[in-house]
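Trainee: The lines below spell out each chain.
Protein chains: 2
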Amino acid sequence: MDENDLVRRIRAKARRRGSRDLVMGIGDDCAIFHPPGASEDWLLTTDLVIEDVHFRRDWHPAAGVGYRVLARGLSDIAAMGGAPRYCLLSLALAPWTDARWVNNFFRGFLDLARRHQTVLAGGDLARAAKLTCDIVLCGSAPRGRALRRDGARPGDHIYVSGVLGGSSLGLRTRRGKAWKVHLRPEPRLALGRHLAKTLKATAAMDLSDGLSLDLRRLCLASGVAASLDREPPVFPGATIADALDGGEDYELLFTLPPLAKPPASFQGVSLTRIGVIRKGKPGAVELLGRPLQPRGWDHFRGM
Amino acid sequence: MDENDLVRRIRAKARRRGSRDLVMGIGDDCAIFHPPGASEDWLLTTDLVIEDVHFRRDWHPAAGVGYRVLARGLSDIAAMGGAPRYCLLSLALAPWTDARWVNNFFRGFLDLARRHQTVLAGGDLARAAKLTCDIVLCGSAPRGRALRRDGARPGDHIYVSGVLGGSSLGLRTRRGKAWKVHLRPEPRLALGRHLAKTLKATAAMDLSDGLSLDLRRLCLASGVAASLDREPPVFPGATIADALDGGEDYELLFTLPPLAKPPASFQGVSLTRIGVIRKGKPGAVELLGRPLQPRGWDHFRGM
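First to last, the sequence lines map onto chains Z and W.
For the first sequence, this note's numbering gives the first residue as 4, with consecutive numbering after it.
For the second sequence, this note's numbering gives the first residue as 4, with consecutive numbering after it.
Among the hints, erroneous ones may be present.
Which copy? The list can't say, so a pair holds if one copy fits it or any two copies do.
What the hints assert, rightly or not - Straight-line Cα separation of at most 25 angstroms, DMTMM-like style, residue types lysine to aspartate or glutamate; simulated pairs:
(1) K200 <-> D24
(2) K264 <-> E289
(3) K16 <-> D101
(4) K180 <-> D55
(5) K16 <-> E189
(6) K133 <-> D8
(7) K200 <-> D101
(8) K16 <-> D5
(9) K16 <-> D114
(10) K284 <-> D101
(11) K203 <-> D55
(12) K133 <-> D24
(13) K133 <-> D61
If you are wondering where the hints come from, they were derived from the structure by calculation, not from laboratory data.
Produce the entire structure from the sequences given, and follow the hints as far as they go.
Mentor: Spelled out as structure tokens, the structure:
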């Protein structure tokens, strides 16, 4: 059972009866709602961050953990082309956490929140053996215009923002620029909105679990296959495996109609065409003519 | 540092700049939003449920864990007089969880969701050493009419629904009716809406951490004191300590204006007047003329 299988099983059980305001449910970066009368659609997403699963306390400084918890949620809003509005934080402190750690955690968290006009509006507090966070992000998007994973069509071109593999390299070496991008990934919020509004992207998602796995998910959702005719841009010093299979880069993966002419970069972030969507077995991805195995981060592989 | 202190410190740091749609932020059972143009207010709440903190796998059957996770979120919506609409579930499975456990967990969860027309619209999946859930509930309430903790005024009468201490007794004995109410607490959703719409309650919250602690929180939020002139109704077989300090009863604690004449019960659930709100040191609570110490469940006492 892998994560895709588990999600499919849960979705099959969670029928959507009586959910007339639900535009998109299980299976994308955010759920999409249309509250009756509202001028915009609303986005909602939740993500876990757990000690010794998503971070290590002897490696990750408290402010970096706080930053990364919020960035993880913001990146899901970016992937939908939305604007973040509110967040809720569930936080279970561990026996080792002291007031200083908590203060630094909230400094990293709230600095990023302010930068993106995101208001911490509530949450839950508990204690547990391992420090545990769950971030809930609530955002808005122009009505019917949120970007989704399921809109890619044969002939669309496939793009990634930025360079990949930096976070994976940073986690391995814990120094230099790679460690910095691991600790402070930049959620691509302005780019997400530009993709939705101006570039008319047909599909998008954020690269949280690695290109090889996430592109497979986008293709599964859209019922299409993909051919990559070049390797993605690689973070200086990282390997191609870091770039293909390393998670937590939080760049955007998106598809544009065949005739779109995107700029080479947006606000200093490169936009690189790496391949094309094609008909074929849903979820099948090729790189330079060979099958690309989904080796990204899947908690449930081999379960 | 207790939970109230920690919440106060976080709230002081989380300023609300740029949050014109946020009706109520940190400090109540739910955050309250008014999306531009929407015909209703929206409620959002999140709650953690962690193995060996909130349940034990050798005591709690999987379906009961699933039920209780959702009930915890639904009860927060009930406390605001709202109607549940959508939920998101973050779930980290532990090494010991197998497909059968997961199926039973979702059976308990989704049976309750269907009963309250609540649609599972998304979430996150991970693995961790301990089974970890975070439930996100999204509900709606008539505009400006959600019940809050901060509206109690001197002279208001204090009420509780049902009988208290059953969950605490059930957790201790793990048999009989008490164990059943521990495993399947009934979120008081219809009562919450009745309190908001018909009885015009001035304040309300759910009893998740015990009457002695939760009444103190309601008084702190409202800037008032409270005198209880009788003990609350006690679950058969439970002690008065179970009823005063035991958590997870998920009954409603609420205040009504002095002249209100509520029925003795609503849909078979008793409504019992136990005291009166008075001026005084905010958060001070007396029972039969003596100070009532807040001994309910506080993860952070003595931290």
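Trainee: Now look at each hint and say whether the structure bears it out.
Mentor: Against the structure, the hints:
{"no.": "1", "hint": "K200 <-> D24", "result": "both (23 angstroms within a copy, 23 angstroms between copies)"}
{"no.": "2", "hint": "K264 <-> E289", "result": "within (24 angstroms within a copy, 71 angstroms between copies)"}
{"no.": "3", "hint": "K16 <-> D101", "result": "between (42 angstroms within a copy, 17 angstroms between copies)"}
{"no.": "4", "hint": "K180 <-> D55", "result": "within (23 angstroms within a copy, 39 angstroms between copies)"}
{"no.": "5", "hint": "K16 <-> E189", "result": "between (36 angstroms within a copy, 22 angstroms between copies)"}
{"no.": "6", "hint": "K133 <-> D8", "result": "between (28 angstroms within a copy, 22 angstroms between copies)"}
{"no.": "7", "hint": "K200 <-> D101", "result": "neither (45 angstroms within a copy, 44 angstroms between copies)"}
{"no.": "8", "hint": "K16 <-> D5", "result": "within (17 angstroms within a copy, 40 angstroms between copies)"}
{"no.": "9", "hint": "K16 <-> D114", "result": "between (40 angstroms within a copy, 10 angstroms between copies)"}
{"no.": "10", "hint": "K284 <-> D101", "result": "neither (52 angstroms within a copy, 30 angstroms between copies)"}
{"no.": "11", "hint": "K203 <-> D55", "result": "neither (39 angstroms within a copy, 48 angstroms between copies)"}
{"no.": "12", "hint": "K133 <-> D24", "result": "neither (37 angstroms within a copy, 35 angstroms between copies)"}
{"no.": "13", "hint": "K133 <-> D61", "result": "both (13 angstroms within a copy, 20 angstroms between copies)"}
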